[in-house]
Each structure stands twice: as structure tokens, then as C-alpha cells.
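Build the complex: two chains, separate frames, hints provided.
What follows is each chain in one-letter form.
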Amino acid sequence: GNSVTQMEGPVTLSEEAFLTINCTYTATGYPSLFWYVQYPGEGLQLLLKATKADDKGSNKGFEATYRKETTSFHLEKGSVQVSDSAVYFCALFRGNQFYFGTGTSLTVIP
Amino acid sequence: DAGVTQSPTHLIKTRGQQVTLRCSPKSGHDTVSWYQQALGQGPQFIFQYYEEEERQRGNFPDRFSGHQFPNYSSELNVNALLLGDSALYLCASSPASDYGYTFGSGTRLTVV
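Residue numbers (our numbering), protein chains in the order written: chain X, 469 to 578; chain H, 31 to 142.
Bound-form chain H, shown alone (with noise of 0.2 Å):
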């Protein structure tokens, strides 16, 4: 059974640049949410998503935006890259009816 699929692995961009992270959710999984893990830290809240809407929002700016899938796969764009959105970013799905998640792997996005 594959868990939560990200892609790319690792991506490098120019800043002012923009990118698209996608994500595949475990099978029976139907809520995506997307995390930013700078570098020593620990995992940040951007947003989740659920029939595909976004149900709830970190505190991110607006330049961070999704979408989900009617397959329930997910995208994070980031527009205008800053140095600072260099960062590991992680998926992680569930099921809408409990919090039992599990986390991708991650896209390392370095911004140079």
C-alpha cells in the first residue's frame, strides 16, 4: 500500500520565480494539508484542503496557494520565491474522519 507520494524530490529556482509541488495521499485518504519545514525547525501549518477546498489556512501570504484533485492529489504553488521559502515541504493526508495522518517524504525547494 504506497503512502503519501511527493514530487519533486528536490528542485532548485531563482527567486522571483514561481514553483508547483504536487502530492499523491495514501489510498482511502481524502484530506491533504501541506507543511514548511525550514531548515532546523520544526513543520509549519501552510493549509489543508478537503473536497477540494481549502478548509483552513496557516499563516502563510497569499503567494502560497493549492488546489486539490477530484483524485483528492494535491498542488502547493508558490509565486514570487523568496530566499526564506527555501525550506523542506511536506504533504501529509488522512482520512476525513480522524486525525490519523501520514507525512510524504518532502520536496527540499532551495531558492537561490
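In isolation and in its complexed conformation, chain X is listed as follows (with noise of 0.2 Å):
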């Protein structure tokens, strides 16, 4: 079946510190992986994405790559900002709907 693994949390850095969250998959044939962000009392949205193998998703100073060797796709940040503060889903795309993670809570504390 298709399915996604991220580290739990919650996650608390300083600011300017480095932010890896960890993310792995199990699914049927090659899906798109995608991270989102979810800020309190709101819905997602779109951070990056990836559809194959070797492809980085980045945005916003994130990043992502897409390991099909050890079906993974963490996220990381060289220097996280207070406004960084939320949660973080990972996802994979298969089949017409998408497999979410739990989450990972994220706090950057000034």
C-alpha cells in the first residue's frame, strides 16, 4: 500500500538553527512527493514538491530531494525564522488522492 513515515515531533530550534525534518514512503510504483505547511487555524499549503526521482523541490529556503534509493524525501533549511513556526506535513501523490504523514510541529523560538 502507499503510506508516509515523518519524524515526530513536536520540533523546537532557535532561530537561525538548521531544520531537518525527516520524511520516508512506502508506495506502489513512482508517486510525486510534496510538502505542506499548515499555519494555525488554516488549511495547506503548498510548500515544494517533487514528481521523480533526483528532483529537489525548494522554496522559501527550503528544500527536498527526492531519494528513490531510500524512498525519502526530507526537508531541510539552513537557517529557520520565527515566521517558520507551524506544522509540516509530507505527502505522496498516487492514484488520484494524496497520503499524508502526522505532522511535524515545528517552534522557533526567538
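Simulated from the structure, these hints should not be mistaken for lab results. Among the clues, some could well be false.
Claimed, not checked - Here are some chain H residues pointing at chain X (derived, C-beta under 8 Å): (1) Ala68; (2) Gln71; (3) Gln78; (4) Arg93; (5) Gly136.
Stated by the list, open to error - As a list, the in silico DMTMM-like pairs of lysine to aspartate or glutamate whose alpha-carbon atoms are at most 25 Å apart: (6) X:Lys517 - H:Asp60; (7) X:Lys528 - X:Glu510; (8) X:Lys520 - H:Asp115.
Every residue, glycine too, gets a C-beta built ideally from N, C-alpha and C.
Here you go:
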């Protein structure tokens, strides 16, 4: 079946620290992979995506590389800001639907 | 350009009642999907509508039903509400040609 496993939180970092949120997946075939962000009281916003192996998605300083050999799509950012505090969801898209991880809550303190 | 619009934003219902949630897709999008996000969890796929038909369904009971109208807007209906139906319900729209999905801000349903 299709599923996503992501690093459990919560994660608390100081401003300007390096961020990694791990994500691994199980899927039939070759899915597309996504990171979504959810701010308090809001819906999901697309952060970045990758559609095939070795693709790197990037946006707003966040990056993730589609690694087929390790079935992973880890999210990274070199220097987090207070405004990055949110819940981050890793997801795969297969068969007209998304399969989401359980989310990782990130809090960045000044 | 308006994105996906959902209404209402919040509502409270009593166990056993029925509820209808509404979604207007982003302009140019003709496919609508619904997701349920329980507190502290990732969204779970309920179903997808295209050309006014349910195209695909997730692992949800028949109490969950939907409809898509000729203008592509959609409704999600839940009958015989249970406490466990309390969640954020997200609507996502996309063009049929690809998976450029846009999510709405959701409807927060509380069942008491």
C-alpha cells in the first residue's frame, strides 16, 4: 500500500538553526512527493514538490530531494525564522489522492 | 483570483444530526476532493468528484456522501454524526489534467 512516515515532533529550534524533518514513504510505482505547511487555524499550503527520482524541490529556503534508493524526502532549511513555526506534512500523491504523514510541529524561538 | 472557498468556517452539531459542508473550487478547476483531518493527524482522503460523479473513494463509511454541481462546486454530507466525526474538513480542487491541487482553509466541525 501507500503510506508516509515522518519524524514525530514537536521540534523546537532557536532562530537561525538548521532544520531537518525526516520523511520516508512506501508506495506502489513512482509517486510524486510533497511537503505542505499548515499555520494555526488554516488549511494546507504547498511548500514544495518533486515528481521523479533525484528531483529537488525548493521554496522559501526549504529544500527536499526525492531519493528513490532510500524512499525518502527529507525537508531541510539552513536557517529557520520565527515565522517558520507551523506544522509540516509530508505527502505522496498516487492514484488521484494524497497520502499524508501525521505532521511535525515546529516552533522557532527568538 | 479566488482560491478554494469553504463554508461555513466553523460549526457545532449534536450527535445523530446531519451536516452539509460546501466548497467552491478555484477558477479553472473542475475536480474536487475532500479530506478529513482529525486533531493532531494528517488529512485522510474521503472522496473525489469529477464531472458530477464520485470518481474515487477512500475508506469512509456510507454516512459520508457528496455531490458536485454543474459549476464544479461541491458538497460533503455526513449523516448520523458521531463524536469521532469532529475534525477539520478540507476541500481541494485541481484541473483534471494534472495534480496542481489547491486546498481551502477548511471547515471545523465539532460534534457534541
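> Of the hints given before, which are not true for this structure?
Replying inline: 1, 4, 8
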